[in-house]
Every structure is written in structure tokens, then in C-alpha cells.
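Protein chains in written order, with this note's numbering: chain B, 1 to 333; chain W, 1 to 333; chain P, 1 to 369; chain U, 1 to 369.
Simulated from the structure, these hints should not be mistaken for laboratory data. Among the clues, some could well be false.
[What the hints assert, rightly or not] Derived lysine-lysine pairs resembling DSSO-like cross-links, with alpha carbons at most 30 Å apart: (1) U:Lys111 x B:Lys109; (2) U:Lys288 x U:Lys278; (3) B:Lys109 x U:Lys354; (4) B:Lys217 x B:Lys22.
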Amino acid sequence: MSTSMMKALNQSLRDALTEDEKVVLLGEDIGTLGGVFRITDGLKAEFGEHRVVDTPLAESGIVGSAIGLAYRGYRPVVEIQFDGFTYPAFDQLVSQLAKLHFRSRGRVKMPVTVRIPYGGGIGSPEHHSESPEAYFSHTAGLRVFAPSSVEDAYVMLRQAIDCDDPVIFFEPKRRYHEKAEVELRTPEKTGSPKAKVLNVGDDVTVVGYGPTVYTLKDAVLAAEDEGIGLEVIDLRCLDPLDLDTVADSVKHTGKLVVVHEASRTSGIGAEICAQITETCFDYLEHAPIRVTGFDIPYPPSRLESHHLPDLDKVMHAVDTVMRRNETHTGGAK
Amino acid sequence: MSTSMMKALNQSLRDALTEDEKVVLLGEDIGTLGGVFRITDGLKAEFGEHRVVDTPLAESGIVGSAIGLAYRGYRPVVEIQFDGFTYPAFDQLVSQLAKLHFRSRGRVKMPVTVRIPYGGGIGSPEHHSESPEAYFSHTAGLRVFAPSSVEDAYVMLRQAIDCDDPVIFFEPKRRYHEKAEVELRTPEKTGSPKAKVLNVGDDVTVVGYGPTVYTLKDAVLAAEDEGIGLEVIDLRCLDPLDLDTVADSVKHTGKLVVVHEASRTSGIGAEICAQITETCFDYLEHAPIRVTGFDIPYPPSRLESHHLPDLDKVMHAVDTVMRRNETHTGGAK
Amino acid sequence: MSTKHIDVAAGCLPTHQLLNVSGERTPDEELDHHLTGLTEQDLADFLRDMVVLRRLDNEATALQRQGQLGLWAPLLGQEAAQIGSVRATQDDDFIFPSYREHGVAWARGVKAEDLLSVWRGATASGWDPHEVNIACQQIVIGSQALHAAGYGMGIKFDGGEQVAVAYFGDGATSQGDVNEALIFAASYQAPVLFFCQNNQWAISEPVALQSRTQIADRASGFGVKTWRVDGNDVLAVYAATKAALAHARHGLGPTFIEAVTYRMGSHTTADDPTRYRKNAQLEEWKVKDPIDRLVNHLTVLGADVQSYQQRAQNAADKLAADLREAITNMPDPEPSELFENVYSEVHEPNRREKENYLQYLADFQDGEA
Amino acid sequence: MSTKHIDVAAGCLPTHQLLNVSGERTPDEELDHHLTGLTEQDLADFLRDMVVLRRLDNEATALQRQGQLGLWAPLLGQEAAQIGSVRATQDDDFIFPSYREHGVAWARGVKAEDLLSVWRGATASGWDPHEVNIACQQIVIGSQALHAAGYGMGIKFDGGEQVAVAYFGDGATSQGDVNEALIFAASYQAPVLFFCQNNQWAISEPVALQSRTQIADRASGFGVKTWRVDGNDVLAVYAATKAALAHARHGLGPTFIEAVTYRMGSHTTADDPTRYRKNAQLEEWKVKDPIDRLVNHLTVLGADVQSYQQRAQNAADKLAADLREAITNMPDPEPSELFENVYSEVHEPNRREKENYLQYLADFQDGEA
Ligand SMILES: Cc1ncc(C[n+]2csc(CCOP(=O)(O)OP(=O)(O)O)c2C)c(N)n1
Ligand SMILES: Cc1ncc(C[n+]2csc(CCOP(=O)(O)OP(=O)(O)O)c2C)c(N)n1
Ligand SMILES: [Mg+2]
Ligand SMILES: [Mg+2]
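Next up, chain B with everything else stripped away, as it sits in the complex:
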């Protein structure tokens, strides 16, 4: 059956709502409208207004009340309408949600999932194209999931909801319409997803997640044409990072390119490069490099194609670590 990522997410929520009556959804416009991206389409009609809850327009309020619901034994799934509207809830996310399990010495569980459609490339106005994942990666106590495929969207959202820890769940909004032939099956295990090798190759390890993974798949073909074998890894989970999988690969290829849309400085790419350098120092043939968004506010949409990692920039970085272009570091900076 061919399913889109939107539908897979919708089904994932439906199945979670069906299986556990303590699952409740909260967010702006998620009820009657079904969400601005229609991810919750039909769920209020099916489960009622006490399970699928339209909230007042206040993100701190949404996350804060989800925390209260978790105290009451609920398993809230929160939708933040767009990435750029996460920040009003930052205090509740960082000082409360992330820390309550620790603060309570394990007595209070915070099984809250915070869904955030993120990333650019859809021609939106300001605040609708951000990639704030590094903030949460730096925050102990949170898990951060970032599915890239239709199947992962379904499975990982189920895992996130089942997880007793808070999960920030980043949905690659510009891939919402991607389709795949998949059977959506309830996952067996919770915990955090592991990184996945999407393509085996000998020359360069290329790591990405979420919306950039499609670009990396294109890069595999482009590199093949040039006789370069890319080992492509989809991280899937950004916290905890499964860098054993990456290290295994780099020990084999000796070269690493990390790709993300978020700004480069102090982004997740920096952590990956730093750790891999630590664990694979003797194997590295070139410094790990990054292909990322620039260190600028997300630009007006008519310029966003320059800001986003694309096939050319990834290939340029591959050439760089292969020492094929020595003059400058270009797109990978």
C-alpha cells in the first residue's frame, strides 16, 4: 500500500490513541481543522475533544499543561505548529520537561512527545523553516528523534509516544508528501532508534537525518557516476546519538561528511565531527567536514535554495574529503 508521510504520522497517532486511552493530543488547530498540515486530520471526530485538544494560542501553555497532564498519568503528544514557534515553550521544555525525572529522583515520569514540523524548502515566511534540534541535543534529559522516511515516521512516532522519557520529535515537513510502499506495523521495542546504514560504500561516510536524507540518496547515485562509493547513514535519533554505527563506517572509509540544514556553528554536526575525531583519529584520512545551513537567520524564501544543503554542496564536500578540490572549501565552508 502506498502511503505518504503525512498519512503515516496520522495513522501512528490514531493507533496510539486507540491502544492507550491515556494518550492525548494537544496543540493549536489540531482538532477541528486537523492541524495546519492535516497530520491530526479526523482524529478529533474519532476520539473526541478530550483526547484531541485544541488549545489556546500559547506554546508555553501547551507544553506546561502537557507536563501537568503527565503528572496526572497521561501520555500527551503535543504539536508545535511550526519550528519557529518552539521558543516560547523553551523554558518549559528545558527547565521542566527535560529535568523533572531527574528532579524527582525518578519518581515522576514525563512521557511527553513534542512533535515539531521543521526545516525549510517550502517557500514559507520567516519562522516557518527553522531547524532547532541542536538546542535540544545540548539539553540533557530529552530524547530527540528525527525520522526521514515514511516507515520511520510511523514507527518512531509510536516509539516516541511509548517512551517514558520526553521526546522532541522532528518531522521533516518538506517531505510530508513523500510516499512509500510500506506496511505500518506497531514497533516491538521502545527506547531510542539506532542509526541506519542506507547505502554501503567504501570511500566516504556521509551522515544526515530528516529532510537531508533524500539528498544523500541522490548523492549516492551522483557519486557512483564519479566512481565514488558513499556509505550513507541516516542518524534517525539525534539524542542519544548512535555514533558507534558512524564510527564503524568511518573506520572503514576514513572520511566523513555530515549534513544538516541547521546553522553550522555549535550544531549537531560539530558534535558528530568532534566525537568521530576522538574515536577514529587514527583512521581519518581527512578532517571530517560539514555541509550545513549558514550562520545566518533563515533567509527570505527566494534565497533559501542557497542556504540549504543540496546535491551540489554534498558532492563538493565529498570531493573535498577525497582531496579532489583543493583550492577552497566552498559550500562546506
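Fit chains W, P and U with the ligands to the supplied structure of chain B, relying on the hints for placement.
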């Protein structure tokens, strides 16, 4: 004249208030009380309640109204009472303060300084010992200053206030009482401070900032005893990072240890290690490593000495990059 | 819609109306004198403003449909709320708008194409805030209310005569920032006008979800002087705004206006309101149309309405044609702009990033990369 | 203090008082019947609670001075506000306290040493929230109000009979979160009681800086049923809390209580109130002391006050001795605790970090490192 860091900061604010009538201070308890750390002691009495403004208890309100004051042509200097209370203002800091110059295409200036006493080691309760600098380092549009010495506290605060860009100004609160013989002189240039080599050495480059710099100075002596020469660099400015100074050093020593109190994952240390690996790959004799706080919420104070980088951990890391202890990575993880 | 949000508590504050639906002037002891000096010509100008604005709005929607804009947020139905209020301000009152105050910016002299350039995705800001005394448009709901509070504090500190005006919607009143702004403005008794266009909806959410009292009553609880007005009545909006600004200029502190209006169109061009609201409600509000209301009033006054309408129509036609021309010919920004104005003083990493990327692009064009 | 904050608007809501300063019962039509069933023994228990609590507070301050605690936030003067309210709750009402509600936690059965262990820096939480139905204490001003709103929404969703109670101070009312909490609770008509102890100060800031209206009036603007009570009158606090909880249990939605009281001591042991407030104010409030008030009332009632006081004194002595013993012998936590409960399910980096550090410590002890 012997001056404490507290006094130097107080004098810096006094001089700024005197020289430019558009400078206004805003914060909780900064007026009549002079701030919980007394940094603004006496200033309300001297300059009046329209220059030194006690605000209602709301951090978003403080930063948001500072932005409005900047629109009006003021140069607000905001005090966030403690690091852990920065987050309610996160949206105003990240979506407004950082982006308004870009958003307005350069027509609006945001010369706002946000002073944050940060870091641990003073036996405080939760939320009073955090090191949130990486969040701001990842946010384009902000500058991030982190003085470590009495003199820098004075000079860099003047520079921050003079700077037409927003500056997040991190004050190492556990060093507030440090004293030094200094003459406090108005700096000649604004812009961002450069990194400073505090000790010249041949063997290992050790980079820190703010509260850890004192530890690094101790490490110089301890290492000398062991016959190791440390080149110690105080970063001073965390955004923009002046890594040319660090790279020059690492090209000489071939080894790098980065030290900060903040949690390790996706901290500023990761960025420094990643960039230095890029620029100095062929010079490195060992992977750059980090001595940082753990990836945990800041612990209860009776455990904080374990969490904080100390002389032993720094020396252990030095030994590691010198390949003197091979068994495990210990404190540096 | 859920039943639990229907029984909104009856408010304490009356809704001021100076023009009934038929266009007759209804007396209002508190507001009447704020209309003193308003001539028939002024009313005709209001009419022209509203007609031109509606056309601008329609044209923008059409341009979006044709792919010339990325998105558009129509103001259809809110013309009186915007024109009535902005026309009551002085040019040096500083305005902090949200993303829907096209009328406010346009009335202050912002060119239509500059307004639309942001929605085209060609630029981050359509005007110079210091030239027109309007801050950059605000998308993050409610944030600008605090900026207005701060600006008002500044006026108070430097003894200015101006007023800071924040515009926001009914939904925005749920944001912490708007509430904190009321607190700050009240605490310092700063000259700030909080102007809330209650257009009944925040995307798909009815106002009753945000507040069980009248929004105007909420503001009263903060000790802020408040008016609730018929937002489709340009005279009531104008008079209340005059009253509020006078209050501020007399040093009496912040004020709040709830302009009760209706978003006749979709939330944005990406929205489909049929999914969440009944046509009947729209029909109800059509009767209260702000332009019809003023036309009726001019008729009641015995004015030469047709010639006023004609004049307005001509201005609208011209604006629409010029706008279309300007937008369809608008060039894309240069990639170098990506790196500009991130900082007011370029710093080294910023400079290098720009240099590297422009070099990369140049090499690429040379077919090197 | 600046003059601009003195002319607070006169409030609409009256301040309920059931005991005047001399301890005489004053009639209150709205609240009187909520005292039905309260016996002299209950009053004596209130007295004991308050006396013990004051002793606990004094002892903690002393222990802090002696370096046994890192910090302490005294509740001196707020005993009636805390005891009167918590004694009106049911055990399964869930409470979200701030950092000063020692009396609330203690009355619910939290041991004094467990309370103090957090202030000692020995642990992050002094109790199991699910055992005593009190959330972890909250330091970030106002955050817990939203948790209470959410908990109350949960009660509403699952049809429970409980009420969620948020405690916070006057300063907290300026935080966006508290205002959003009122909005959420009102929107869903959730069973939530917002209990504000207006102790006149937020560290050095007088309440007039936060609000120019009575805080209770602010809540009314949100459509939340509100009482303003004399917070040093244990009967008024008790009765109002009973009324509020009944309101919620009848499905009538959220309520707000402003308990007007006074922080007789310093903000915390790190604070020096002589820097910002006049002694005269303290003297004024001493006359209104909550314990004296109840003693006076028992005297007026003709009760054997001395024996009640003796009993209270004995309980207080015992608590103080036990507490000192427990605190001075309290061991420091093990370093391994650093890494525990960061996640409910240990993950690999967390496991490795713990293992590495414990190994490092072990090596260190072996003199290796
Ligand atoms: C902080 C934040 N959250 C969510 C959004 C998404 N959003 C854009 S407009 C809107 C509704 C706003 O409603 P209202 O304040 O009534 O203004 P209106 O659109 O009716 O003019 C929402 C939820 C946003 N822009 N900012
Ligand atoms: C978000 C936040 N900002 C600042 C502080 C620092 N702080 C601790 S207590 C306090 C004053 C609180 O006053 P109030 O709410 O009246 O409670 P009280 O202390 O009087 O009980 C402040 C500013 C904090 N804990 N949290
Ligand atoms: Mg609206
Ligand atoms: Mg207080």
C-alpha cells in the same frame, strides 16, 4: 588599585551610564537592592529610576521591552538574575533580538546587552548554576562575550554596551570576588574581543573561558611540575569564535584540550574541536578532547564538585593527549 | 465547535458603536467629542482608504494564486479597524504591527509592492521602520506587544509626546508576552495603546477558546483603561483610538481597545475556512461590512456618495495595476544578501562564510566544481 | 520606593476577614458556612501546625547559618496562608508548590529533614510527588501554575473529583506562564485553584511594581472566580479555600485566591531586607501576626489556650531536635547518583559517561591518575 570583578562590573556600568544618556539598565531587583549580586549597587541612587529600572518579574518582558527601548534609540543593558532564568526570555532573544537587524535589512539596530551571571560552584539550588552559552553560540545574530578576569569584566562590558549588535554577556559568578590590581580604562575599540594567550607553552594547547580560566592557570603550574608546557588560551568571546589564535597554537603544539562547565554534547567545545580538526588536521598528534560538565541536569550542590571541570580532570586530559594514560578516557570521557 | 466554549461570561464593558448598520450616527457620550473636526472630506478619505485597501488585498490574493507571492494573509473585513485606528495616530506615534496590518502600513505611506515583497519571499522587511515609524511586521504571535511596552517606557523616560501602538489579534491575547506587556506598560504607566482586532478567529480556533470573558474585560483586570468598540464602524474605531491616544498623551498610562470585527476571508491563502466555520456566520457578518457601513453613513448625510466611490475606485484601479506590474517584475535578491546585516559590523567568520560561498558559486558557474 | 507605584487603583473585590486582629469572629455571608463543622480541636490543631511550622522555619534558618544548609527561604508570617489552605484540601487534591511552601508539604506528611535535604544540596527532591500528591518544589517562578492547569485539565478529561492547586507569590503573577495558566484553566473550565500568597514583596520589589490593581482583580478579568482574603487569618484562608475547592468539585471551573500576607523575614538567608524596606512596615504587620491572631481567637472563645500552646510547643521542640539530629548526620550523596534518573531508561552515552567517571574516580583513589 585592587578591584574585585563585582566592582569592575559596577564601575563599567557607571561609566557607561555617565558617558551615554541612552544607556538604561533593566532587571529584577537591580534598582533599590542593587541586584542580588550587587553589581548595580548604588546606580539607581546615582542615575535615577528612569536609568536603572526595577522591572516586574518576567524575563520575556524584560528582554522584549529592552527591544522596544532599542527601537526608541536606547542602549539597554539587561540583567537576568541567574543563568537558569534566561529561558523564559528565549523566544525574545532568539526570534527577536538576534534577528531584528537582519529582518529590518540593517535599518534597526539592537544594541542590547544581556548580562547573565552564569556557571556553578557556589553551592546554589537548582537553576542557579547553568551554562547556557552554547544555545546562543548556535544562534546567528548574537554576539557572546565571556570575560574571565577583572580587567576584561570592565573592558568587555564597555565594549558590549558600545556594540551595535546584541551581546549576551556571561559573567562568571563564582569569580565575582576575585581581585586584581588594575586600572579600569575605557576601551578604544568596540567589535568583539579576540582570544588571548595567557601562557606560552610547547606541548598542549588548553582552551577555556570564563570561570574555568582560573583552573587553567593552576594547570600551567601543575603541568610545569611534570615538565609539560601548556599554552593556555582564554577565548573571551564565544561568538564570533576567534579560532585563528587557537589554530596558530595547535599548529605548534599538535594537541588540544578544551574546557567548559556546560554539558558536553553539542556544547561549544564540540565546535572548537570540529573546527580545529578542520584547520589543523595535519598538525594534530592526538584528537582534540574536551573536559566539560556531564550530560546531566546540573546536580544538587553537594555533588557539583564532581560535575565541574577541576585541576585533576584538566591534568588527566593533558596526560591523555600526551598519551600518558592509555587505559581509559576518564574525566574527559 | 465544542459546547464548552459557548457560554462566555457576559462582559462588564459595553461595545461602543457610532454608526449602526444602516449608517445612522448613534450618540455615545464618551466618544462623541473625539469626532470633533472630522469633515465629510475626512469620511470620504476613509472610504477611499478602505476601498483601495480591499483592492490591494484582493490583488495580493490573486498574485499569490498566480505564484507571484509565497503566501498572503487577507485583511478582508478588517478595513475599518485598521484605517480608523491608524488615521487617528500621529505620524510620530510608533506602531508595532503583526502580519495582517497591511492597511496600517499602507496608510502610513508604505508602497504596496514593498508590503508584498515580504510575502513574495524577496526580502525580510518591506519598509524602513524609522522612516514610517512602524516596526517590522511580526509573525511570532504577541511578541511585538512587549516591544511596544518597551518603546512606551522609552517615551516616558525621555519625556516624549508620542504613543507606542501594538496591534495584535484575539488569539494573541493567550500568549504570555501580551499579558506581560500589559503588566509592564501598567507598571510604568507608559504611553502604550494595545489595539486588539478581535476578528473572532485564530486560524481555526474561535475566540471563545482563548477567553471566556470579553477580551476587553481581561485588560481591565490589569488596571489598563479599556474600550470595546464595533471594529467594523470606522468612526467608533477612530474615536476610541483618539480617546486612547489622548489618555496616553495626558500621561495617564496605557490603554486597550478591543475592536470587534470579523475575518471575512481565509486566515492565509494556505487556509481553508470551510473546514471549521459555518457559512452562516460569514453571512451574518457581511451585513456589518465596514465599507457598506460608511457608504450608508455618507448617504444618510446626503453626500455625493457616488463621486466619492468613483474616486476611490480609480485610486484602487491604479494601485492594482501598478502593484501587479511591480511585483511581476520584481527581481530575486542576490545571494550575497544572505550574509548581509546578520551583524551591524561584519565579523570575521561572517566575512569568511560570505567569501567562501560567493567563491563557490563563481567556481560553479565556471564549471569548476 | 518610587512614587509612581503608590497610587494603586482601588480594587473591586473586598478582602474577606473572619477574625479581626483581636481574635473576634467577624461575620462573612459568603464564607461563614464553609467553617461549619470546624471544632475547637481543629483550631487547636491549626495552632499546633503553625507553631511547629514556625519552629521548623527558625531551625532551618539556624542550620543554614551553621553551614548545614546551602540556603533557606523562610516562611515566617505566612503560616496561616499555608496551613489554612492546605488543611482545607483533600489528600488526593494535587498540589503544585513553589519553593516557599514548606508548611504545605509538611502538613501533607513530608518529613522536615526531607524538606531540608533539598536546601542542603543533598538531593533534587525531598519527597515522592505521587506519595504525598505534591509536585516537586518549583524554583522557576510561575512555571508550576501551568502544570496545575494541565493536571486540572486531566481531572476534567478523566472525570476525577480532585482539584489541582497551584501556589505562587505576588511576583509570579507577572510571569507569562501564570497568565497562560489562567487562560488554559478558564478555557477548559478545569478544576484548578490558583493560590497566590501576596506577601507584599518579590525579593526587593514591592507588589505595586507587579500590579497596579489588586492581584485578585487581575484574575477576575480572566473570568476566574476570585476571593481576596486576609492571609494572616487562618479561618478566612481555610474558608475561602473550602469555597474554591467546592466550586471546582461542582464542575464550575477554576478559582483564584489572593491571600494578603507578609513576608516577615528575609527573602532567603542570602537576602538583606534592610536594604529595601522600612522597619515600620514590619512593625505594622507584626500586629497582624497569624499565630497571635489564632491565640487571641481561642482566648475569646474561652478555650484553655495555655494547654494548647504547651502541646504545640512540645511538638515543636521535638521536631526541632529530631530535625537537627537528622540534618547534621545526613550523608552526602554518592557520585553515581549524578548519572541516575537523567533518563527513565538508561541509554548508551549515559551509561558510558557513568562508567567512565566512576572508573576515573576509582583510578584516582588507587593513585593512578
Ligand atoms: C508563537 C506563534 N505560534 C503560532 C503561530 C502560528 N499562527 C500564525 S497566525 C495564528 C493565529 C493568530 O490569531 P490571531 O492572534 O487572532 O490573529 P489573526 O490571524 O486572527 O489576525 C497562528 C496560530 C505563530 N505565528 N506564532
Ligand atoms: C523565572 C525566574 N526568575 C527569577 C527568579 C529569581 N527569584 C527567586 S524568588 C524571586 C521573587 C519571587 O517573588 P514572589 O513570586 O512574590 O514569591 P515570594 O518569594 O515572595 O514567595 C525571584 C525574582 C526565579 N526563581 N525564577
Ligand atoms: Mg484573530
Ligand atoms: Mg512575594
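Hints, one by one, checked against the model:
At most 30 Å may separate the alpha-carbon atoms for a hinted pair to count; Lys111 of chain U and Lys109 of chain B meet this at roughly 23 Å. The suggested pairing of Lys288 of chain U with Lys278 of chain U holds, with an alpha-carbon distance near 17 Å, which does not exceed 30 Å. Of the pairs offered as hints, the one joining Lys109 of chain B and Lys354 of chain U holds, with about 21 Å between alpha carbons and a cut-off of 30 Å not exceeded. About 39 Å separates the Cα atoms of Lys217 of chain B and Lys22 of chain B, which puts this hinted pair outside 30 Å; it is violated.
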